[in-house]
Amino acid sequence: MTMISVVVPLYNEEAIVTRNLQIIAREAESENHTLEVIAVNDGSTDGTWAQICSAAASDSRIRGVNFTRNFGKEAAILAGLMEARGDAVIVIDADLQHPPALIPEMIGLWKSGFPVVEAVKASRGREGLASGLFARAFYTLFHRLSELDIAGHSDFKLLDRAVVQTYINLPERNRFFRGLIHWAGFRSAHIPFEVAERDVGGSKWNKLKLLKYAVNNITMFSSFPLKSITWLGALMFILGGIVGAMSLIQKAEGSALDGFTTVNLLIIMTSSILMVSLGIIGHYLSRIYDEIKGRPPFVRVSHEKDVR
1 MTMISVVVPL YNEEAIVTRN LQIIAREAES ENHTLEVIAV NDGSTDGTWA
51 QICSAAASDS RIRGVNFTRN FGKEAAILAG LMEARGDAVI VIDADLQHPP
101 ALIPEMIGLW KSGFPVVEAV KASRGREGLA SGLFARAFYT LFHRLSELDI
151 AGHSDFKLLD RAVVQTYINL PERNRFFRGL IHWAGFRSAH IPFEVAERDV
201 GGSKWNKLKL LKYAVNNITM FSSFPLKSIT WLGALMFILG GIVGAMSLIQ
251 KAEGSALDGF TTVNLLIIMT SSILMVSLGI IGHYLSRIYD EIKGRPPFVR
301 VSHEKDVR
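Read in the UniProt record's numbering, the sequence shown has 235 at position 235, and its numbers run on one by one without any break.
There's no promise every hint is true.
[What the hints assert, rightly or not] Listed next, with one range per pair, are the computed distances between beta-carbon atoms: (1) I288 x A57: 15 to 21 Å; (2) L226 x S60: 26 to 32 Å; (3) Y284 x L239: 22 to 28 Å; (4) G108 x A50: 32 to 38 Å; (5) L133 x A252: 49 to 55 Å; (6) E29 x L232: 32 to 38 Å.
[Unchecked claim] Heads up, simulated SDA-like pairs for lysine to any residue below, C-alpha to C-alpha not over 25 Å straight-line: (7) K73 x Y11; (8) K293 x L180; (9) K251 x F237; (10) K73 x A25; (11) K111 x E83; (12) K73 x A135; (13) K121 x N216; (14) K227 x W183; (15) K212 x A25; (16) K73 x R85; (17) K111 x L226; (18) K121 x I218; (19) K227 x G241; (20) K209 x I267; (21) K73 x K227; (22) K227 x I267; (23) K227 x D155; (24) K212 x F138; (25) K207 x G132; (26) K73 x D155; (27) K227 x F134; (28) K227 x G279; (29) K121 x L226; (30) K73 x T18; (31) K73 x K209; (32) K207 x K251; (33) K207 x H190; (34) K212 x A189; (35) K212 x L235; (36) K73 x F237; (37) K207 x K293.
Just so you know, these hints were derived from the structure itself, not from any lab.
The C-beta atom is built at its ideal place from N, Cα and C for all residues, glycine as well.
Please take these sequences and the hints and turn them into a complete structure.
Okay, structure coming up:
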């Protein structure tokens, strides 16, 4: 019989984990397939792991994976995909902002021949103006630089076993799940959904984390920031040539040269561009350094055998 796996990344979700895992399992259950729910504890500092252990002890469909520390959501998704045994794997957030009621429809589309079923946000729910503007700016910039349009996409997806294996086999240590799945190019179906409100707690993402996440993902898929350094250098060369030509003309005409302010501005501009350029190069070098170290994307301290 067909098996469906559901991967649920969790970080400090003690208040909702038991109830929401049961809700997700209930929506995904069917007499037409067997089910496993893989709860990945991403180094929570509260009682999330204890709640996962309790849920797994009372429900044989639930399995747990526990990290030694917080490695991030991308690592938690990867660990869940590696642990999953299903013919199809669904990734869903634990807070139910991704509606589990869509799971049967996703499974139906998969059975009709779509190896990827994407749940796409029809709206972003109740978020602040700054967050909404930031999200739109990120997706627009990401699309223009990477030529991948993932606007509205979320981590709520169903993946066929072949897609899961392709994703697991990718060599990158640093990953962007929704971007890489879209990049892989498998035939996909889209289901729109409204982002539900969290009934307990709030987002674990602050503005600084979101900015870092955006920069990492853009540079992961595009070398444009590096190439832009060449264009900035060419622009400064042209400006320098213009200023130099004007100075020579003034000198030839016997005009008094008052270039102190101009020289200062050029020095400040050049220094600023150099520092920004070094920062861009340094960011790419740090990513290369992370990759060539070859460290695993996560370290697992416990798995489902420890929660029985």
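Against the structure, the hints come out as follows:
Between I288 and A57 the beta carbons are some 44 Å apart, a value that contradicts the proposed interval 15 to 21 Å. In this structure the supplied range 26 to 32 Å is violated for L226 paired with S60, their Cβ-Cβ distance being about 51 Å. Checked against the hint of 22 to 28 Å, the pair Y284 and L239 passes, with Cβ atoms roughly 26 Å apart. Distance hint for G108 and A50: a CB-CB separation of about 36 Å, consistent with the stated range 32 to 38 Å.
Taking the beta carbon of each, L133 and A252 are about 52 Å apart, inside 49 to 55 Å as hinted. Taking 32 to 38 Å as the suggested C-beta distance range, the pair E29 and L232 does not conform, at roughly 57 Å. Between K73 and Y11, the direct Cα distance comes to roughly 8 Å. Compliance with the 25 Å bound is thereby established for this hinted pair. Of the pairs offered as hints, the one joining K293 and L180 holds, with about 21 Å between alpha carbons and a cut-off of 25 Å not exceeded.
A hinted pair counts as satisfied when its Cα atoms are at most 25 Å apart, and K251 with F237 qualifies at roughly 21 Å. With a C-alpha separation of about 21 Å, the suggested pair K73 and A25 falls inside the 25 Å cut-off, and the hint holds. For a cut-off of 25 Å, the pair hint linking K111 to E83 stands: about 22 Å separates their Cα positions. At roughly 18 Å between alpha-carbon atoms, K73 and A135 fall within 25 Å of each other, so this suggested pair holds.
For the hint linking K121 to N216, the alpha-carbon distance of about 22 Å falls within 25 Å, and the restraint holds. Restraint check for K227 and W183: the C-alpha separation of about 21 Å stays at or below 25 Å, so the hint holds. About 33 Å separates the Cα atoms of K212 and A25, which puts this hinted pair outside 25 Å; it is violated. The straight-line distance between the Cα atoms of K73 and R85 is roughly 20 Å, inside the 25 Å bound, and the hint therefore holds.
A threshold of 25 Å between alpha carbons decides the hint, and for K111 with L226 the separation of about 43 Å lies outside it, so the pair is violated. Distance check on the hinted pair: K121 and I218 sit about 21 Å apart at the alpha-carbon level, within 25 Å; holds. A threshold of 25 Å between alpha carbons decides the hint, and for K227 with G241 the separation of about 22 Å falls inside it, so the pair holds. Taking the CA atoms of K209 and I267, the gap is near 33 Å; set against the 25 Å cutoff, the hint is violated.
At most 25 Å may separate the alpha-carbon atoms for a hinted pair to count; K73 and K227 exceed this at roughly 30 Å. Proposed proximity of K227 and I267 is supported: the alpha carbons are some 22 Å apart, at most 25 Å. Using a Cα cut-off of 25 Å, the hinted pair K227 and D155 is violated, with the two alpha carbons roughly 30 Å apart. Pair hint K212 plus F138 holds up; C-alpha atoms about 12 Å apart against a cutoff of 25 Å.
Between K207 and G132, the direct Cα distance comes to roughly 12 Å. Compliance with the 25 Å bound is thereby established for this hinted pair. Taken as a hint, the K73 and D155 pair is honoured in the structure, with Cα atoms around 10 Å apart against an allowance of 25 Å. Pair hint K227 plus F134 holds up; C-alpha atoms about 24 Å apart against a cutoff of 25 Å. With a C-alpha separation of about 13 Å, the suggested pair K227 and G279 falls inside the 25 Å cut-off, and the hint holds.
Taking the CA atoms of K121 and L226, the gap is about 32 Å. The hint is violated against a cut of 25 Å. Restraint check for K73 and T18: the C-alpha separation of about 19 Å stays at or below 25 Å, so the hint holds. At most 25 Å may separate the alpha-carbon atoms for a hinted pair to count; K73 and K209 meet this at roughly 12 Å. For the given pair, K207 sits about 52 Å from K251 by alpha-carbon distance, which is inconsistent with the 25 Å threshold.
At roughly 29 Å between alpha-carbon atoms, K207 and H190 are farther apart than 25 Å, so this suggested pair is violated. Note on K212 and A189: the hinted pairing is violated, with a Cα-Cα distance of about 30 Å set against a maximum of 25 Å. The straight-line distance between the Cα atoms of K212 and L235 is roughly 28 Å, outside the 25 Å bound, and the hint therefore fails. Annotation: proposed proximity of K73 to F237 is violated, straight-line Cα distance about 44 Å (limit 25 Å).
About 29 Å separates the Cα atoms of K207 and K293, which puts this hinted pair outside 25 Å; it is violated.
Consistency with the previously given hints fails for numbers 1, 2, 6, 15, 17, 20, 21, 23, 29, 32, 33, 34, 35, 36, 37, ordered from lowest to highest.
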